[in-house]
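Trainee: Spelled out from the first residue to the last, the chains are:
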Amino acid sequence: AQSVTQPDIHITVSEGASLELRCNYSYGATPYLFWYVQSPGQGLQLLLKYFSGDTLVQGIKGFEAEFKRSQSSFNLRKPSVHWSDAAEYFCAVGPYGGATNKLIFGTGTLLAVQP
Amino acid sequence: DGGITQSPKYLFRKEGQNVTLSCEQNLNHDAMYWYRQDPGQGLRLIYYSQIVNDFQKGDIAEGYSVSREKKESFPLTVTSAQKNPTAFYLCASSIARLEAFFGQGTRLTVV
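Going line by line, the protein sequences match chains Y and P. Sequential numbering from 1 applies to the first sequence in our numbering. Sequential numbering from 1001 applies to the second sequence in our numbering.
Bound-form chain Y, shown alone (with noise of 0.2 Å):
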């Protein structure tokens, strides 16, 4: 069965501090992979994607991922946190190819900052 998992419900990091948010998936197909930020009461903003290439990715906001097919992850980083950055995210998968960008969510990752 396709899903996304995101183990990690709630994490709390000190301002400054280093970030690594985990994302494993079950895709049959080959994936685009996608993370997403949710600020409370927000709609999804996109932060990152990865369609094919160079399995490093940037995204916005000093945001990046890296791709591993052999481990089945897509986990996002970023080397150190602002107190901006606390919001909800959310790892995707969709179809590569297709008319359209069905995706599937993980449950999302909670992440709160400490001054």
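Quick caveat, the hints were computed from the structure, so don't treat them as lab data. Cβ coordinates follow ideal geometry from the N, Cα and C atoms, glycine included. Mixed in with the good hints there might be a few duds.
What the hints assert, rightly or not - Between beta-carbon pairs, the in silico distance windows are:
(1) N1026/P to Q42/Y: 31 to 41 Å
(2) Q1056/P to G16/Y: 38 to 48 Å
(3) R1044/P to K61/Y: 46 to 56 Å
(4) S1080/P to P40/Y: 21 to 31 Å
Assemble chain P onto chain Y, guided by the hints.
Mentor: Below, chain P alone, put in the same frame as chain Y:
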């Protein structure tokens, strides 16, 4: 500015009522989607549409209906058959298989 507009931001429904959530986009995207978000469950696909006058059920379509009469509009009706409609509803659009862009959401509460 191009984007996706959802209205209203907050909506209250009485038991047994149908309510319609609006979603409009001016991005000229062909595909549009409705997702439901519940705490701890991520986002689940309700309906999606690839082109005008065509739409398909997602994973949790029961109790919902949609229409796609115009490219820029994809309204969602939550019918009285939906037994647990209280949730945050997100509309999105995309060009084919590229990344989806999301609206700001509508929070529906049953009173």
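Trainee: Evaluate each hint against the coordinates.
Mentor: Consistency of the hints with the structure:
1. N1026/P to Q42/Y: 31 to 41 Å: About 19 Å separates the Cβ atoms of N1026/P and Q42/Y, which means 31 to 41 Å is violated.
2. Q1056/P to G16/Y: 38 to 48 Å: holds, 46 Å
3. R1044/P to K61/Y: 46 to 56 Å: At 26 Å between Cβs, range violated.
4. S1080/P to P40/Y: 21 to 31 Å: holds, 30 Å
Checked against the numbered hints above, the structure violates hints 1 and 3; every other hint is satisfied.
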